[in-house]
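In the order they appear, the protein sequences are chains A and B. By this note's numbering, the letter at position 229 of the first sequence is numbered 229, and the numbering carries on one by one without gaps. By this note's numbering, the letter at position 232 of the second sequence is numbered 232, and the numbering carries on one by one without gaps.
Heads up, a few of these hints could be off.
[Unchecked claim] In silico lysine to aspartate or glutamate, DMTMM-like type, Cα no more than 25 angstroms apart, as pairs:
1. 63(B) <-> 47(B)
2. 56(A) <-> 212(B)
3. 63(B) <-> 7(A)
4. 56(A) <-> 179(B)
5. 66(B) <-> 118(A)
6. 242(B) <-> 7(A)
7. 155(A) <-> 201(A)
8. 56(A) <-> 47(B)
9. 66(B) <-> 12(A)
10. 6(A) <-> 110(A)
[To be verified] Here are some chain A residues the structure puts well away from chain B; computed CB gaps all over 12 angstroms:
11. 12
12. 112
13. 154
14. 163
15. 202
16. 220
Rather than coming from a laboratory, the hints here were simulated on the basis of the structure. This one's a predicted model, so the numbers in the text were calculated from it and none came from an experiment. Heads up, the beta-carbon is just placed ideally off N, CA and C, and yes, glycines get one too.
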Amino acid sequence: MNRAEKEAYLREYEVLKKKGKPFFPYAVAKDSAMALIVVLVIVLMSLILGTEQGPKADPTTTTFVPRPDWYFFFLFELLRIIKPYQLVPIATIGVPTICMVLLISLPFFDRGPERRPERRPVASSAGCLTIIAMAFLTYVGASAGPPTEIDLATKPELEAGKNVVLSSGCLGCHVIGDNGNHGPGPELTEIGVRRSAAAIERSLRVGPDLMPSYSNLDADQFDDLVAYVSSLRGEDEEATNGE
Amino acid sequence: MAEPETSSRFLKLLPGPLRRPGTPQNGTGNLIDSAKEAPADLLGWVDERTGGSSQMTAMLFRKVPKGTNWFYTLGSATLFAFIAQALTGVFLAMYYTPSATQAYESIVHLTQDVFLGEFVRGMHLWGASVMVILVFLHMARTFFFGAYKYPRELQWVIGVVLLILTMTMAFTGYLLRFDQRAFWATVVGTNINGTGPLVGPFLSDFLRGGAEFGPTTLPRFYAIHMLLVPGAIIAMIGAHLKLVMTLGTTAPPWLRADEASKARDLRTEKVTTSLNGGSSDAEEVNEV
Chain A
1 MNRAEKEAYL REYEVLKKKG KPFFPYAVAK DSAMALIVVL VIVLMSLILG TEQGPKADPT
61 TTTFVPRPDW YFFFLFELLR IIKPYQLVPI ATIGVPTICM VLLISLPFFD RGPERRPERR
121 PVASSAGCLT IIAMAFLTYV GASAGPPTEI DLATKPELEA GKNVVLSSGC LGCHVIGDNG
181 NHGPGPELTE IGVRRSAAAI ERSLRVGPDL MPSYSNLDAD QFDDLVAYVS SLRGEDEEAT
241 NGE
Chain B
1 MAEPETSSRF LKLLPGPLRR PGTPQNGTGN LIDSAKEAPA DLLGWVDERT GGSSQMTAML
61 FRKVPKGTNW FYTLGSATLF AFIAQALTGV FLAMYYTPSA TQAYESIVHL TQDVFLGEFV
121 RGMHLWGASV MVILVFLHMA RTFFFGAYKY PRELQWVIGV VLLILTMTMA FTGYLLRFDQ
181 RAFWATVVGT NINGTGPLVG PFLSDFLRGG AEFGPTTLPR FYAIHMLLVP GAIIAMIGAH
241 LKLVMTLGTT APPWLRADEA SKARDLRTEK VTTSLNGGSS DAEEVNEV
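Let the sequences and hints guide you as you build the complete structure.
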């Protein structure tokens, strides 16, 4: 906005303000009604939906679904969409940071005098797209859950390790065969081909990048887990091994 | 016009000739009469020292622009949601123990044994969702109405800071219930912070209180959740509201000053024609 546009706006605003009504009681009445609605909604939600409390946090048993509260679903789903696993930091930090910088600096790059949404097609469509994208990601995040089965054939001596995988929520972030979620972690179906057992063990102990460390598991469980994960060598071979 | 008003502003604050407390006024030394006057006297005393009443008047009777509608209540609704969170949070803090060994049990005790404990905890839990939704609705209104434009750019920046602070509250509050889901989600969440460039590892170390999720982590989240961030939010809300007072709220973008007067003229015209006996118009008015 140049100087003339600024002055025109301020003049117009002055006129509209003069024609307006006093804050008290007109706006105060609406605000109070709204405040009442807000409190009523919160009270009703509390009475009807109650509270939730899962089992106590326990670093040694990882029977968990690593899912955030619903307001972070869109960020969490973003992790799954950005596939190459090396790009995870871009999804986790890059995209939110860029969004925040864009959001904060919005009034400094969008400086046109026009305020009506239908006459700001770029801004309005960008806003609508953002809302749709966030709503969609939140919906997908809300409906995603980890499966409780692994369909891959498993040798009997590895069953214990498979159960540790199932109870530790690995499938919340990894795919094994046809089961699990695509991301944020890499697919594990053929991890035994790509990584040595020692490397897998180190990863499970340290918890690289986003992954939590599993070093708090019982020594037996941990060994079972390493044995199972490093045995994963793809579907066909696994099936023949199982026979 | 403004000049003499400001210079005499402080003189106007003086409530007539000053008198000592307890001195009978106008000779009628009636106790009941002076008791009746006490509230006014007290207000006058405070006003003389703060100038509060003129500020109150300026705040309450300032004009809000024509066309201000229900969309403009979203900001104050967010404020009320925050106040509700603050109040219920105080009551939760009375029973909560921010230690890794006792946090879970203290919540179970609060939920099961304390009078209205579950109700207040539910209000805090769902109030968080309501507040996040209201923040986003308020921001959407500001965005689509172009209300972030001159002269309200700073107002928008403060608003985005408040959005980030609200999300920080949501993130830190999640761990405090200390059940499995919240615990492991927060482990992943702090790991995510750790993948950031440069400051990432320091930030996640600061949040965890070390390289690992340990006994110091929960008290940290507790302190951040109920001291650091709320303080920052209150300060930012103060600045946000101060700017509302200074700049005023926007009018809906569709409203033009000349169109507004035109619309009003049009309406009066319609009423006059209907009064003059146009039958169809008269019906319309009746329906309305």
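For residue 154(A), is the shortest beta carbon distance to chain B beyond 12 angstroms?
holds, 25 angstroms
With the threshold set at 25 angstroms, check whether the alpha-carbon distance from residue 56(A) to residue 212(B) stays at or below it.
Roughly 19 angstroms between the alpha carbons, so the hint for residue 56(A) and residue 212(B) holds.
Taking only the CA atoms, is the gap from residue 66(B) to residue 118(A) under or equal to 25 angstroms?
Holds - the C-alpha atoms of residue 118(A) and residue 66(B) are around 21 angstroms apart, at most 25 angstroms.
Distal placement of residue 202(A) relative to chain B, Cβ over 12 angstroms:
Non-interface label stands for residue 202(A): nearest chain B Cβ at 16 angstroms, farther than 12 angstroms.
For the pair we were handed, residue 242(B) and residue 7(A), check the Cα-Cα distance against 25 angstroms.
Given pair residue 242(B), residue 7(A) holds - Cα atoms ~22 angstroms apart, limit 25 angstroms.
Say whether it holds or is violated: residue 220(A) keeps its Cβ farther than 12 angstroms from all Cβ of chain B.
For residue 220(A), whose nearest Cβ neighbour in chain B is about 21 angstroms away, the distance exceeds 12 angstroms, so it holds.
Distance restraint between residue 56(A) and residue 47(B), which requires alpha-carbon spacing of 25 angstroms or less:
With a Cα-Cα distance of about 55 angstroms, the restraint between residue 56(A) and residue 47(B) is violated, given a limit of 25 angstroms.
Test the statement that residue 112(A) is away from the interface with chain B: the closest C-beta pair must be farther apart than 12 angstroms.
violated, 8 angstroms
Would you mind confirming whether the straight-line C-alpha gap from residue 155(A) to residue 201(A) stays at or under 25 angstroms?
holds, 20 angstroms
Any Cβ of chain B at or closer than 12 angstroms to residue 12(A), or is the non-interface label fine?
violated, 5 angstroms
Below or equal to 25 angstroms on CA atoms is what counts here, so check residue 63(B) against residue 47(B).
Given pair residue 63(B), residue 47(B) holds - Cα atoms ~23 angstroms apart, limit 25 angstroms.
Given the hinted pair residue 63(B) and residue 7(A), is their alpha-carbon gap at most 25 angstroms?
holds, 20 angstroms
In summary, the structure is inconsistent with hints 8, 11 and 12 from the numbered list given earlier, while agreeing with the others.
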